[in-house]
Amino acid sequence: MAVINKKAKKRNFKESLIMSFDDQRKCLWYKLSATAPCVALPPASMQSRTNDNPLNPAALIPFVVSLSNHDRTQQAKRLLKKPDYTSLHALTAAALILPGLLQSTANAADEDNVDFQYSHYQEGKRDGINALVIEPETGTVTKFPVPNNRNPIEVDSLHGSGRFSLADRVKFAFNYIQDTWSGATPFGSAPEFSGANRARVKGINDDGTPIYTGASPIASTRGYFDSKGNFFTQYFNSSTLQNTYIKNRTVHVMGYASPETRKQGDFKLSYEWDEAAVEAGGGISIESDYESRFANLGGRMDFNQKQTTVNAGISYTNSAIESFINPNGYVSWGEQHASLISSNSLSGLGILRANREDWAAQLGLTQVVNKDAAVELGMGYTRSTGFLENPYKLSWLLGVDPDDPRQQGLPEGFFFADGSGGSAYIEQRPDARNQWHWNTRWAQYVEPLDAALHLGYSFAHDDWGINAHTFDADWVQPLGFGWTVTPRIRYYSQSAADFYSPYFIVPAENKLLSEENLNGIIFPENFSSDQRLSGYGTLSGGITVSKQFAKGIGMEAGVEYYTHQGSLKLGGGGEQAFADFDYWVANAALKVNLAALGQGAPGSGDSHNHHGDHPNVPAGVLFGHTLDKTGDRMVGYRYMRNQQAGAFLQGDSHVSEQQILDKACPGSVSNTTGGFDGGCAILPREMTMNMHMLDLMYAPTDWLTLMLMPQFVDMTMDNYQPESLIDPNAHAHGGGLHGHETGGVGDTGMYAIFKLFDRPNHHLHTSLGVTAPTGDVGIKLKDEGLQNLQGLDGAYIHYGMQLGSGTWDFKPSLTYTGKSNAWSWGAQVGGTLRLEGSNKSGYALGDIFESSVWGGYNLTRWLSATVRAAYTWQGSIKGRYLRSTRFDEGIERECKSISTYSDFDEFGNPIGSPVFHQAIYNQCLADNEGTKLSNDAKDRTSPSDFPANYGGHYVDVGFGLSATIPSGSLAG
Amino acid sequence: MLTNIDVTIILFLTILLTACAPVQPWERGNLAKPQMALDPYPMQSSLRAHNYGSREAAAGDNAAQGGGCGCY
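Here the protein sequences come in this chain order: A and B. For what it's worth, the working numbering labels the leading residue of the first sequence as 703, then goes sequentially. For what it's worth, the working numbering labels the leading residue of the second sequence as -7, then goes sequentially.
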């Protein structure tokens, strides 16, 4: 290493500054080879303000983190004063020479960064089923396809993660993941005409053939098997006077999952030495029916001048399951589950409560093979105990009783099997599972193309009989200008679990003798018809495109297609084609490198630095400040939680529950009179909305800031049936069942913020913008699946639960902020004006006017207290949901059938063939207008379904504390 | 099946132990490139692992991290 004099050092510092934000890793590399001193800058500023807590009815808990580049000069100066800092940092950075290779444990990312990812998972439609229609007289057998019009499963996911250096060697990483899914998914599988699927007829075609709307799962199944296990449906053919048998294929029994949300938060704390690291982490994942808590420990050791790295990790997960079962009375369970299920005598619903534990251990080795290749070898062991079933997966068990009289007179080798009275059982898996897995991965640098090839193989084996192989390959090809394209392919194959079968033929005892044993069926020790435990192969491929911008911002987008097929199983023998399905996933990510973001071009040396002087704006206030200078950028993250609960208000006065029931649902159908005076059937108890917003700001000129604000929202609403309305004789409306959840992408805001007046202590700016209707406003309730919504299937969910406004909205605002010494204050007025009269679902939310004033006092350098008062006026909803037409077709069919008949002669005998009578048809439709209205009114059961109940005036007063981090890695 | 895997692993280890010439720190420029990271897109990988995990029976490489169900 050459001796560098002080002057040279300074010059090199500037060079490396430029270099480092172009290519961080290159920079680190230079550092190690000691050709140039490389400097890592303290990362960018970050503000963190929390808590601003208006009082009831709406408690708002906002949280803002923003990452900006606008005090870069100050940081550069700080750095120049502290040469020690750089050398220390260089030491740690040296430990990171192979960022990827060492990433497997301790996740030793070389920089502080924050990433956001959105993804959409969409499954393809599963195979449809047929309905069987037998004409006993002619012996004709016809199969009619039953439409499969349920949307398949789709999932929207949001993932935010961050990694920060808390101290030189201490790193903190966190993830927040939120998935919302809904759609049709299989409960299980059964022979096609066994009765497990009940085709619903909605009418008869002109040629007399039935029209099906879809299929509902039902328990009652029975039929005949031959000695090979093929299932047959029997019918008596009156022309041949013989029993005839129709062979069945296996089909899915589909259910529907209403929107449901999972949220996961986890963190990891690591400490690094030059050649080792330890880390500890933990987290929680919450769904309405599944809650997991987990903790992990890991470590890494480098040997052999870092050519060899060994890492090890261990984790423990404890999960609690609490799921509603048996709402439609077609689900049964064996003795093993009976102790886990308690039933609610009022609602008749069963609740299954169970626990599972997972221990996992992992050992890995990473080895540099030569200057262009590295290899990773790993092995792991996972032990799971407890309730390992999926409580929503059912198996159809068909019992064979040799003494049953129906066994007589069957063809040679045939026998009768009966599952009537509850043949769908919650699956039963072993209480323990031991899994081992081995994996290897090779990374090869391809010099001529500057690309990398990754090849991976892994093998997994467990004591349930499943062996699985995974092969994958990807090619990472940098294209220049920061672009990288990565095509990828993956093949997976697994053998079936020992206790898997699409349905089960089991021995049964004479029912008369075996009252204790449910239906006389003798249960197999374990059984499951979950196709994830069947034998199959999958093939998937995709492509990822990424672009690295200067100043530490990267974008990533990818798409993947995945197909699951029994015939793709390695060595053959996979499940039949009925279980095949496919999906695609698209994702987009924004990655922000805090260190690079904080670095501007060196030498833009004016000492203009507003940032530290910004007045404190409560976190609940949007458009609180502008960017200072041309070219400034900022990436911010804002979280708001809005929870509404408590008393009902009309004007300023409280309203009793009974008054609400009577008045808030005008025109509801009464169960007793049948008239439109029924009142509300359920009432909202609580609604919670979580909003995650990204603030992407850019200042093209000094006086203008452009802002893009994508949002991700999720909502839950708890309803209850007032006690006065509970009918002890009915088995409807379980109290806890009325939780509704929605979630996904909300409306996207686009704003321009203009500085009107900008003095050191007084700022005035206005924002003009629109929100695009990117949030879904067509979300409907689904009652199939394991939720019973009493005929509300297909009705729109409550207005407040839709994800956006559905209209283009204009949002102006005017903001003033001021400060003097430790005091700061401000005021804002703003509004939302709907630019369209109605959205695609038939309504428009009310306009909004908002105003707020606030004052704050800096208690210390990093902590300030704020008080805010807000006044909000919101108009009621204009229009209403489009009238549901889902029953209309049935009415029309019915009328058509009524009005098609033969004319009669004077003796009342029909003349000729049936004729369609238009006048009768019209009369029938007119007569049924009332039915249509009544059907429509039945969709609205709660005050939250009525547009007039929305809107009003609100005054909120809140007190908050804002914390800002004035120095260190999170300096703001 | 298992023996094949064992053989593969032993083969790999043998190659590693015999064929690994020392790679000096200044020769690791290629290895340090972002495309050579064993997992160049960790966020996407965790998403894909979650999707695979909800659709396949085998434990993933990240089993030692823990996590929720998300079983749709």
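Don't read these hints as lab results, they were simulated from the structure. A portion of the hints provided could be inaccurate.
[What the hints assert, rightly or not] Partial pick of chain B residues on the chain A-facing surface, computed with a CB cut under 8 Å:
1) V(-1)
2) V15
3) E19
4) M35
5) S37
6) L39
7) R40
8) A41
9) N43
10) R47
[To be verified] Restraint-style ranges between C-beta atoms, simulated for each label pair:
11) Q16(B) - I1245(A): 49 to 55 Å
12) T0(B) - M1257(A): 37 to 43 Å
13) N932(A) - T0(B): 36 to 42 Å
14) Q936(A) - T0(B): 38 to 44 Å
15) T0(B) - I1016(A): 21 to 27 Å
16) Q16(B) - Y1400(A): 40 to 46 Å
17) W18(B) - E1059(A): 46 to 52 Å
Just so we're clear, the structure is a prediction, and the values are computed from it rather than from any experiment. From the three backbone atoms N, C-alpha and C, an ideal C-beta is built for every residue, glycine too.
A quick look at each hint next to the structure:
1. Interface hint at V(-1)(B): violated, since its Cβ lies 12 Å from the closest Cβ of chain A, which is beyond the 8 Å cut-off.
2. Given hint, V15(B) at the interface with chain A, holds; its Cβ is 5 Å from that chain's nearest Cβ, closer than 8 Å.
3. A least Cβ separation of about 5 Å between E19(B) and chain A falls short of the 8 Å threshold, and the interface hint therefore holds.
4. Among the interface hints, the one on M35(B) holds; its C-beta lies about 5 Å from the nearest C-beta in chain A, closer than the 8 Å criterion.
5. This hint is violated: S37(B) has a C-beta 10 Å from the nearest C-beta of chain A, more than the 8 Å allowed.
6. The restraint placing L39(B) at the interface with chain A holds, with a minimum CB-CB distance near 5 Å, inside the 8 Å limit.
7. Annotation: interface hint on R40(B) holds; nearest CB of chain A at approximately 7 Å, less than 8 Å.
8. Residue-level restraint check for A41(B) is violated (minimum Cβ-Cβ distance to chain A is 11 Å; threshold 8 Å).
9. With a least beta-carbon distance of about 6 Å to chain A, the hint placing N43(B) at the interface is held under the 8 Å criterion.
10. With a cut of 8 Å, the hint placing R47(B) at the interface with chain A holds, because the nearest CB-to-CB distance is about 6 Å.
11. Taking 49 to 55 Å as the suggested C-beta distance range, the pair Q16(B) and I1245(A) does not conform, at roughly 36 Å.
12. The hinted range of 37 to 43 Å is satisfied by T0(B) and M1257(A), whose Cβ atoms lie roughly 38 Å apart.
13. Restraint check, N932(A) to T0(B): a C-beta distance of roughly 41 Å satisfies the suggested window 36 to 42 Å.
14. Q936(A) and T0(B) have their C-beta atoms about 53 Å apart, which leaves the hinted 38 to 44 Å range violated.
15. Take T0(B) and I1016(A): their Cβ atoms lie about 26 Å apart, and the range 21 to 27 Å holds.
16. In this structure, Q16(B) and Y1400(A) meet the distance hint of 40 to 46 Å, their C-beta atoms being roughly 44 Å apart.
17. Hint check: W18(B) to E1059(A), Cβ distance near 49 Å, so the stated range 46 to 52 Å holds.
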